[in-house]
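**Student:** Residue numbers (the working numbering), protein chains in the order written: chain A, 1 to 100; chain B, 1 to 357.
Treat the hints with caution; some may be incorrect.
Which stretches of chain A does chain B cover? Using the computed rule of at least three CB atoms under 8 Å from a CB of chain B, they are [claimed, not checked]:
hint, segment
1, 23-34
2, 42-48
3, 52-59
4, 69-79
Since the hints were made in silico from the structure, they are not lab data. Cβ coordinates follow ideal geometry from the N, Cα and C atoms, glycine included.
If you want the building blocks of each chain, they are given just below.
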Amino acid sequence: MQLAANDQQPHANERWQKVLQWFAWARQQEVLGKDSVELVPAFISCFIDDFPMLSLAGFGRAVLAIFTSLLDVLGLDPQMKKCLPEGDFSQQGVVMGVYV
Amino acid sequence: MICGNLDLLWQHVRPVCTARPTHINQLVAPGLEQKVLDVMRDEKRRFEQIKAGQRPTVGVPDLVVEQPIPDPRLRNAYWYLGDYNVTKNMDDIKTVQEMDRPPATVNVAWVARLALASHDRQVAGMLVDGVDPGNERQPPVVVCHNHASSLLAHRLVNKCHHEENAAGRNTFWRPEVKVWQDLAHKTGGKVIWDASTSARKVVNYVPFICTPLGAVPKKLADGTIDPDNCRPTSDFSWPVPSVPLAAFVTAPNDLISLDDLPPFRWFSLREFFEQVHYLNQFGVELELSKFDLARYYRAFRMLANAIPSHMQLWLDEESPFLIADWRMMFGCRAAANFASRASVFICWLVRFAIEHI
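With the sequences and hints as input, model every part of the structure.
**Tutor:** What follows is the structure in structure tokens.
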């Protein structure tokens, strides 16, 4: 709820309404003992030193905060020069129709 | 023994030899250097002809070194010449297990503490201080090999090699090295190449084994890869089809404790994209981000018993050169395997944190 309250992005209310409804529906299915897909707010994958992350809009900053905190604790540095130019997120985001 | 490479591997698995060379001729067969240089010089001539737009007339024979160490007492180990190249002091020659291994730059205490609670506890010991396994002179020997990845990622490999060369972290050998030394007395004492000051060191690794067992396609002068034009390399990945390598050495993944391993499924990039489209259809808005870690392989401590499974003859704009990078060597180093496991460990921690916060 704190994330939702702090979200200043356009159409944040509608977006969070949908996400919360979705989570409520999933919890109801679980209570009824029905099989349903587990709702995960964020998914992080890895390929050696690359970590692509996909998250429901609004959760991304919190997940990135956890991830970067872990890197800090473990003593690993992100390679910032590669994040934007080689990741080419603007292109991938446009192709997939997601926020970047 | 079934084949030469397996024989060498088997010798490496056995305890490292206690004998010490007293003369370089015990370690490096006389004439071997010249043999390698001759092949590289022919390769360079061929390269220059291609660069000039001519059809190459030089035929370059496969380089096969069946037994590079003349003294049978010293064949039980891989030898690292290191500072000997400059000092010519035999005491500077070490076995691979005795090579300097810089300490990990990761936060050793935290990696160990968190990894001990994860499914892959051995990552902590192996990556931060090499305690167990892979400590000094202790089995198992770890071999990791993948030709395909170095080929598919050839642009990245080439770029990495250039960066590593520029930083002086690679060891490599050009055909000019000997030529420049020979020419020094003809140029009025002007030393054209000096090992003590050059960032580009001569190869300090014997035995260099190039056998017809494996092959990597060549990079042509115009930067393209010719898949039908291969160079021979040593390849320990499959001695013969009926004898799995795992019978003789330990694969890195064998070190994961299966008792604590959580079930997981490989999630392909294609599925990753499909998930995005799938969720979008439901009207769920998504965010995408990506992190790339800096100097990841070098953040960990190198395994004492990990060995590169081949050396590569690589081409750049100057000439061909032999290259061996003990810390990285994309596609054939255990580092990639262990770094991947460390990444799985990091993802596991993120998931753990998301579920518990």
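**Student:** Determine for every hint whether it applies to the structure shown.
**Tutor:** Against the structure, the hints come out as follows:
| no. | hint | result |
| --- | --- | --- |
| 1 | 23-34 | violated (count 0) |
| 2 | 42-48 | holds (count 7) |
| 3 | 52-59 | holds (count 8) |
| 4 | 69-79 | holds (count 9) |
The structure shown violates just one earlier hint, number 1.
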